[in-house]
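Counting in our numbering, the sequence shown runs from 23 upward without gaps.
Bear in mind the hints are in silico, worked out from the structure with no lab data behind them. It is possible that some hints are incorrect.
Here are the computed lysine-lysine pairs in the DSSO-like style, where the Cα-Cα straight-line distance is at most 30 Å [what the hints assert, rightly or not]: (1) Lys51 <-> Lys33; (2) Lys51 <-> Lys26; (3) Lys63 <-> Lys38; (4) Lys51 <-> Lys63; (5) Lys63 <-> Lys33; (6) Lys26 <-> Lys38; (7) Lys26 <-> Lys63.
Derived DEER-like restraints, expressed as beta-carbon distance ranges [what the hints assert, rightly or not]: (8) Ala89 <-> Glu24: 14 to 20 Å; (9) Leu90 <-> Asp68: 17 to 23 Å; (10) Gly40 <-> Pro72: 26 to 32 Å; (11) Gln27 <-> Ser81: 17 to 23 Å; (12) Gly84 <-> Met23: 17 to 23 Å.
Even glycine gets a Cβ: it sits at the ideal position worked out from N, Cα and C.
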Amino acid sequence: MERKQFLRALKRYCRKNGLRYDWNSDEGKGSHGTVYVGNRKSTVPDADLPRYYINDILSQLGVGPDAL
23 MERKQFLRAL
33 KRYCRKNGLR
43 YDWNSDEGKG
53 SHGTVYVGNR
63 KSTVPDADLP
73 RYYINDILSQ
83 LGVGPDAL
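Could you build all of it, start to finish, from the sequences and the hints given here?
What follows is the structure, encoded as structure tokens:
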């Protein structure tokens, strides 16, 4: 899954569940950015994201792996 698709799905999930969502591409080294969900955050690279990496990010954000 591409980063853009992942962030779009995560934003939809947050809207549906009443959680705060924010994306900041200025935070992070190189092409990485930071996504905020509720009071948690995670770094997301600008690359194709394998499923195991998506699961790690979702875990850091407190979102279940089947939520997206």
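Hints versus structure:
1. Lys51 <-> Lys33: Answer holds: Lys51 to Lys33 is near 22 Å, not above 30 Å.
2. Lys51 <-> Lys26: 18 Å, holds
3. Lys63 <-> Lys38: Holds - the C-alpha atoms of Lys38 and Lys63 are around 19 Å apart, at most 30 Å.
4. Lys51 <-> Lys63: 15 Å, holds
5. Lys63 <-> Lys33: Within the cut-off at roughly 13 Å; holds.
6. Lys26 <-> Lys38: It holds: about 18 Å lies between the C-alpha atoms, which stays within 30 Å.
7. Lys26 <-> Lys63: Roughly 17 Å between the alpha carbons, so the hint for Lys26 and Lys63 holds.
8. Ala89 <-> Glu24: 14 to 20 Å: Since the Cβ atoms of Ala89 and Glu24 sit about 18 Å apart, the hinted range of 14 to 20 Å holds.
9. Leu90 <-> Asp68: 17 to 23 Å: 18 Å, holds
10. Gly40 <-> Pro72: 26 to 32 Å: About 29 Å separates the Cβ atoms of Gly40 and Pro72, which means 26 to 32 Å holds.
11. Gln27 <-> Ser81: 17 to 23 Å: 19 Å, holds
12. Gly84 <-> Met23: 17 to 23 Å: Holds: the Cβ-Cβ distance is about 19 Å, inside 17 to 23 Å.
Violated hints: none; the structure is consistent with every hint.
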